[in-house]
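Chains as they are written, first to last, in the UniProt record's numbering: chain A, 1 to 301; chain B, 1 to 313.
None of these hints come from the bench; they were simulated from the model.
Among the hints, erroneous ones may be present.
Unchecked claim - Quick partial rundown of chain A residues pointing at chain B, CB under 10 Å, derived from the structure:
1. 72
2. 76
3. 153
4. 157
5. 161
6. 165
7. 213
8. 216
9. 217
10. 219
11. 278
12. 282
Stated by the list, open to error - Here are some chain B residues the structure puts well away from chain A; computed CB gaps all over 12 Å:
13. 59
14. 64
15. 163
16. 169
17. 197
18. 277
Even for Gly, the Cβ is constructed at its ideal location relative to N, Cα and C.
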Amino acid sequence: METGAAVNTGHAAAGLRRKKEKMYITTIKRLLKNKLAVVGLVIIAIQVLMAIFAPWLATHDPIKQNLSAAELPVFSDGHWLGTDNYGRDIWSRIVYGARISLVVGIVSVSLGLIGGVVLGLLAGYYRKLDGLIMRIVDLLFAFPGILLAMLIIAILGTGLINVAIAISIWSIPTCARIVRGSVLSVKNREYILAMKALGASNARIIIKHILPNCLAPIIVFATMRMATAILSAASLSYLGLGAQPPTPEWGAMIAAGQAFMWTSPHMTVVPGIAIMLVVFAFNVVGDGLRDALDPNMDINQ
Amino acid sequence: MAGMIVRRFFQLILLLVGISFLVFTSMYIAPGDPATIIAGPTASQSDIDAIREDLGLNDPFLVQYGRYISGVLHGDLGYSYQTKQPVWEAIMTRFPNTLKLAIASIIVAVIIGVVAGIISAIRQNSWFDVSSTVFALAGISIPNFWLGTVLILIFAVNLQLLPVGGLDQPFYTAEGLKQLVLPAITLGTGSAAMIARMSRSSMLEVIRADFIRTARAKGLRERTVIWVHALRNAMIPVITVIGLNFGFLLGGTIITEQVFAINGVGRLMVQAIAARDFPMVQGSVLLVATLFVLVNLIVDIIYTFIDPRISYD
């Protein structure tokens, strides 16, 4: 393909860069054609803005109690999402909760990616490590759903940080399997063999030539995983294993609201809608990215 | 076929050893000295030392692991720190509820998922297809603890049609069935969504195949073509998804049990983690993981029966 590379490397490099930029632009264009994905992107943007500007968007202190204004319904004066049983403003708690859920999601997904990518690259590239690493991955897969995260919380103790760590470890096996698969599919291509023949070190081949080829599935995985991570963190907090009161965490808010379902259903309904919207958003953007990054889907090619 | 089953069985044993080792090690490295926990806050150092010696906590790690495994094989999972009850007994009294919930949810999930998926595929891009796709996406995104709460709010609190929680009546009585409805829907929705998406795409692939064209050309009724010829072939990947989901439902019961105050293994586990009751955590995690692995094995075997093209040899 790059016959000019040998003749004029500088020119080829610039061409390659332009080609890459073009690839990003087509991916984004394709993503923006997907209506659901656009809705998802808007929701994610709102969450990010809420997380960044929480102190300005919140109308009240999220943990300050005001028992004289307890259990106000939605659209009350000064509390458009009402208040909870301690008179705390639910809008302000939702805004700060957006920050918590985003941070927990990003932290746990990044940690999981680091672990998964390293293990996947090693397993895919080094035959000798493959058996051992994949057996460990199989073992982690033997724990269904949220159980692995709960086992880790049992060791580390409850709390939001431990929840993030637990979820990150739970992400490792899936990520490792995906990365290993893409490494195996490119490992024996001519350009890798050419790099080897040129005497490139293994580390250089892995980082500069194999990793970029695994990026598409990693990006899709990371986006989808954000949805799972946010949902699981909320679930664990709901179970009382994550955020502790009075932290304005969405899952914990639902757990606290359950006792007041008869008198103030909005205490459970509002945070639930927040979780659902965010999880939905990451799911559809992940779906959209997968379609956009898959060149087979492009009919123009 | 027989060779495959035997080989998978040995793999299963290796995996179970791995699981038990992982679970035992995690509890071993967890902070907190079991002897101190059992002895209670008022015990003297010599009491603690005596309990330590008694439980064999001074033995090397592998000796302790070996003793735990031989106990597990004899149905002895140790004693709860909290209630002093045998762990095996505590789990077994709650396990029927968890199993009941998981089975009821998988039934709900399969019926809704397969039917919705197939209708979507047959009428691709119709309003039914579009709305079921959106519902499927929503179903995956809904936190099931929240869905459960909202269902309670509507059907138990406002309409008063169904009980708020509990699962203490036998399932063959009207009362017992009523108790199962909301938890099964709560837990099954996510899986129904996944099964619907899988059966839709699988069915779409199959109905474009040559043998379906042949069946139609033979003059078979459309109903026969779809529900007999196409369905059998479309179900193959769906079975995997169903099998995987059964395992995930076992994990998901943990949360649903909490919402509906059902006395199951999941709730037991959550309480044990919060109280740092390690033998209880160990036992319940071990049980759920073992079941998950067994279900996966059964799915793999069923797979080769349905589709003779697949062989693991």
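Do the numbers back the hint for residue 278 (chain A), that is, is its least Cβ distance to chain B under 10 Å? holds (8 Å)
Under 10 Å, Cβ to Cβ, is where residue 217 (chain A) needs to be relative to chain B, so tell me if that hint holds or is violated. Check failed: Cβ of residue 217 (chain A) comes no nearer than 19 Å to chain B, outside 10 Å.
Do the numbers back the hint for residue 213 (chain A), that is, is its least Cβ distance to chain B under 10 Å? Not OK, violated: residue 213 (chain A) not within 10 Å of chain B, min 26 Å.
Per the CB criterion, is residue 161 (chain A) less than 10 Å away from chain B? violated (15 Å)
Can we trust that residue 163 (chain B) is non-interface, i.e. its beta-carbon lies farther than 12 Å from all of chain A? holds (14 Å)
Take the shortest C-beta to C-beta distance between residue 282 (chain A) and chain B; is it under 10 Å? Where the cut-off is 10 Å and the nearest Cβ of chain B is about 8 Å from residue 282 (chain A), the hint holds.
Can we trust that residue 64 (chain B) is non-interface, i.e. its beta-carbon lies farther than 12 Å from all of chain A? Holds, since 17 Å exceeds 12 Å.
Residue 165 (chain A) was flagged as interface toward chain B. Is the shortest Cβ-Cβ separation under 10 Å? With a minimum Cβ separation of about 13 Å from chain B (threshold 10 Å), the hint on residue 165 (chain A) is violated.
Just checking, residue 277 (chain B) versus chain A, shortest CB gap more than 12 Å? violated (9 Å)
Taking 10 Å as the limit, does the beta-carbon of residue 153 (chain A) come near enough to a beta-carbon in chain B? Interface hint status for residue 153 (chain A): holds (6 Å vs cutoff 10 Å).
Using the nearest Cβ pair, does residue 76 (chain A) come within less than 10 Å of chain B? violated (20 Å)
Chain B contact restraint for residue 72 (chain A) - C-beta distance below 10 Å: Because about 19 Å separates residue 72 (chain A) from the closest Cβ in chain B, which is outside the 10 Å limit, the hint is violated.
Of the numbered hints stated above, those contradicted by the structure are hints 1, 2, 5, 6, 7, 8, 9, 10, 17 and 18, listed in ascending order.
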